[in-house]
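A.B. asks: Put together the whole structure using the sequences plus the hints.
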Amino acid sequence: MMKKRKLIINITAVCLLIISLLLLQRLLMPKYVSAIVEGSLIEEYYQETTGHDVIFVGDCEVYESFSPITLWENYGITSYIRGSTQQLIWQSYYLLEETLQYEKPEVVVFNVLAMKYDKPQKEEYNRLTLDGMRLSPIKIKAIQASMTEKENLIDYIFPILRYHSRWDELTAEDFQYMFKKKKLFHNGYYMRVDVRPVTTVPEGRKLANYRFGDNAYYYLDKMVDLCRDNDIDLVLVKAPSLYPYWYDEWEAQIEEYAAKHDLLYINFLELIDEIGIDFNTDTYDGGLHMNLSGAEKLSVYLGKVLAENYGLKDHRNDDVYKEVWEEKVDFYYDMKAQQYYELEKYGYLKSFGAKPPTS
Amino acid sequence: MDTLLRMLKGLHPDVDFETCETLIDDKILDSFDIITLVADINSEFDVTIPAEEIIPENFNSARALYALIERLSNED
Amino acid sequence: MLFTSYSFIAFLALLFTVYYLVPRRFQWMLLLFASYLFYFIAGPTYVIYIFVTTLSTYLVSVKLESLNKAQSAYLAEHKDMSREEKKEYKASVKSKQRKWLAACLLFNFGILAVVKYTNFAIANINAVIGAFGGGTQLSFLKLALPLGISFYTFQTMGYIIDVYRGKHPAERNFFKLALFVSFFPQLIQGPISRFSDLAQTLYKEHSFDSRNISFGIERILWGYFKKVVLADRILVAVNTLIKNPDTYQGAYVLIGMLFYAYQLYADFTGGIDITIGIAQVLGIEVKENFHRPYFSKNIVEYWRRWHITMGTWFRDYLFYPLSVSKPMLNISKHSRRLFGEALGKRIPVYLSTFIVWFATGIWHGASWNFIVWGLMNCVVILISQELKPFYDWFHSRFNVAGKLYFKVFQIVRTVLLMSSIRMFDCYRDVPMTFRMFGTIFTRFSFKPFFDGSLLKLGLDLSDYIVLLAGLIVLTIVSVSQARGSVRRQLEKKPVLVRYAAYYALILSILVLGAYGVGYDSSQFIYNQF
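Protein chains in written order, with the numbering used here: chain U, 1 to 359; chain W, 1001 to 1076; chain L, 2001 to 2529.
The reader is advised that the hints may include incorrect statements.
As the list claims (entries may be wrong) - For lysine-lysine, the following BS3-like pairs were computed, each having C-alpha atoms within a straight-line distance of at most 25 Å:
1. L:K2388 to W:K1009
2. W:K1027 to L:K2345
3. U:K6 to L:K2492
4. L:K2297 to L:K2388
5. U:K4 to L:K2493
6. L:K2297 to W:K1027
7. L:K2243 to U:K150
8. U:K4 to L:K2492
9. W:K1027 to L:K2407
10. W:K1009 to L:K2345
11. L:K2287 to L:K2297
12. L:K2388 to W:K1027
13. L:K2403 to W:K1027
14. L:K2167 to W:K1027
15. L:K2493 to U:K3
16. W:K1027 to L:K2287
Stated by the list, open to error - These stretches of chain W come out as covered by chain L in the derived footprint (C-beta under 8 Å, 3 or more residues):
17. 1030-1043
18. 1051-1057
The set of hints was computed from the structure by calculation and includes no laboratory data. Backbone N, C-alpha and C fix where the C-beta goes; we use that ideal spot for every residue, glycine too.
C.D. replies: Dropping the structure here:
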């Protein structure tokens, strides 16, 4: 009987240990609510209850250039942006593959800037993209494709091994958002109403080699195949960011690729005048990213192209979608008002992840 | 035996070598004492104490040490 | 594989599981396989070295035994031999055995010497050539150090010497000997075991003993705590201090010295805890290598309590044989005659001590820093020997011997002394070490302690709090150990207390450990051995 009692105690102890470790892990992981909010992008997708006809994948140029709310309001297009900071093309591919486990869109839009990165880049950016993904075989593949030399797969499966050093940096936010976070984005769009006009744009340096890497092409091919196998139309875009510099040689490669694979490719850099982008009002960081004004302009243009070319349904009269999206629209305009209020009061978007302006 | 006790007392006059049985265990004799002792014993008793006999069992008491000396003399 | 790598932990988990699933008579074979696997992962080509050492030692040990057997047979056959003839015959057999032993020692120490010290020798030869104006310089060899070669060579040579001395019979099973040589927990930092000790427990059949296993795991956790939470943490500051000698002088050298004393203790004893703990989980008893060394009251006591198995190895296999060898006894005789009793008696002792410490120094590393370190230890030990009469007079004059404050004084003095000598581990070369030590006195200032400079060494306030708490925990555990095994004491406490202790250990290793991205995972300091 003593043995049985001992066994029960031991099993309970082990269970207790595992539970406390899991709780600690939740506590120690960064919450990305008040600073570096971009870290919360990926995981918000899983809150969606209805499907999307358009899925965007790609880096910051994708989550700052297009507003799903505008697409909805003007065309009734349902969309989601599965974008994240410096999202690398293999991460985009696996995110797309994962999304297809949940739904099947009609169109996928991919921002091609990521083609410039052929190899794993920075551990911090990997984390921002990958930590938000739910654990699955696809996530494992994404991790393995993304890992830099000093990283280990086990650090991703048990993030406590990576974030344990935050124990002396914990803030109230870490406790508050331990289990549930507040909604920060609009179907993957990160709203910024502030304005910082373009002043100077650094000239692109001469490169030794302009050809995109084999690994990048490999994943682009995979993306094309994945879409084809699933009857999805793939659209390539290049956002109108003035920096990082988009070389003519890169442009040529994408045009050639798009032609070869019969894909629509929209380079918004060439459409700046046509769309009416004004770099004095439409960017919040001097030309790197669009702000709300710019994003809405781009979305009006893109929405028309998508609706016309791909016959996307206008869901504005569908009761199921209407209810869900009306809430999203309300949230959108509430945040817009809130952001303008903060701009007025503080001069910068204090609680939206912006940094105070340096004097 | 008296010669041996004389030698031991020469190293540590205040130790009771007649009865103490833990010379090594209690660190009363350290390694310097031991090799000085061995050199003295070798010359005085005309024996050769090899390194492998320098073990606590042989050096823990004057009696054990004397037994070692006798054993080595007889082996010759 | 470092002790502190994920792959090692996985390796251990797998080994422990399989070990208690296989039939018990195969357990030692499993360990042999695991040890060679461990060695193979460290570096496939290195397996040859350890195999060659094992093979050569095995063959010689068998030869020694066969000579013994032949001797017994011969003597039994020729009962009519005179005492003189017997003595002569035995001596001739012994001489043959000595030759075989010498061959084995020469060969295996030779391998160690070549692999470890060739480049050092070349560097010195080049320096001499340069000093004489010569132009040619010998080029260095590209030789990497097989894992644990210093440890397993010494352990194995101890074995063959013991066989020669008749301490125990040779191990006739080649594979069992191979396990003794390559037992993987010992490869990283020792301890250096004796065959007569380890063989008692290494080959036995081990049944699943939950007490042993839980004690072993506790020991392993305790070792990881010291290593990952404390040693790896303070290493950051230590590196900053000693790698930038131009910036950090005066009081900083003192701080670096003390931090390094902390770090080396936590790292080395932590690693040994892991080693002994692993062995214990496997049901194998490995002897202790440390005995609360920082509580030593003088340097002689310190070297009985720090790196114990290395000290006893040098004592039993170098110091005693050397000091009672014929040449040394001759020197003793002649120096007594030439210089009188007092000085003459000292010369063989001092000479032997010098040689042993020179060897100890060079065993630690192929550089003058280590040699000088060894010799500094030697000098201090000999001085403390010479000062004995003074100490006796002092204690007869002042009644302080047993008093607590005097004991504390002795302990602090010893810690400072040993930490100072250890500075040779830290700096680039010998002159720099002396120079930096000098600045403690010439450039001392209390400012660094108070103006926040300590927070600019790579550690922040929370790190220092952890280190301080760790120091307190270490002290409490050490003091409790005086009353007997801490684990046994813990066993007696109520369930809640016990499990709280386990949780505290595990959680602190995982959360407070100085590992992962942002920390540089450091090797055990003794890993290049």
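A.B. asks: Look at each hint and say if it fits the structure.
C.D. replies: We went through each hint and held it up to the structure:
1. L:K2388 to W:K1009: The hint holds at about 16 Å.
2. W:K1027 to L:K2345: holds (21 Å)
3. U:K6 to L:K2492: Holds, because 15 Å separates the two Cα atoms, which is no more than 25 Å.
4. L:K2297 to L:K2388: holds (14 Å)
5. U:K4 to L:K2493: With Cα atoms ~20 Å apart, K4 (chain U) and K2493 (chain L) stay inside 25 Å; holds.
6. L:K2297 to W:K1027: Answer holds: K2297 (chain L) to K1027 (chain W) is near 14 Å, not above 25 Å.
7. L:K2243 to U:K150: Holds - the C-alpha atoms of K150 (chain U) and K2243 (chain L) are around 24 Å apart, at most 25 Å.
8. U:K4 to L:K2492: The hint holds at about 19 Å.
9. W:K1027 to L:K2407: holds (18 Å)
10. W:K1009 to L:K2345: Distance ~16 Å between K1009 (chain W) and K2345 (chain L) Cα, so the pair holds.
11. L:K2287 to L:K2297: holds (23 Å)
12. L:K2388 to W:K1027: holds (15 Å)
13. L:K2403 to W:K1027: holds (20 Å)
14. L:K2167 to W:K1027: holds (23 Å)
15. L:K2493 to U:K3: holds (18 Å)
16. W:K1027 to L:K2287: holds (20 Å)
17. 1030-1043: holds (count 10)
18. 1051-1057: It holds, with 3 qualifying residues against the three required.
Every hint from the earlier list agrees with this structure, and none is contradicted.
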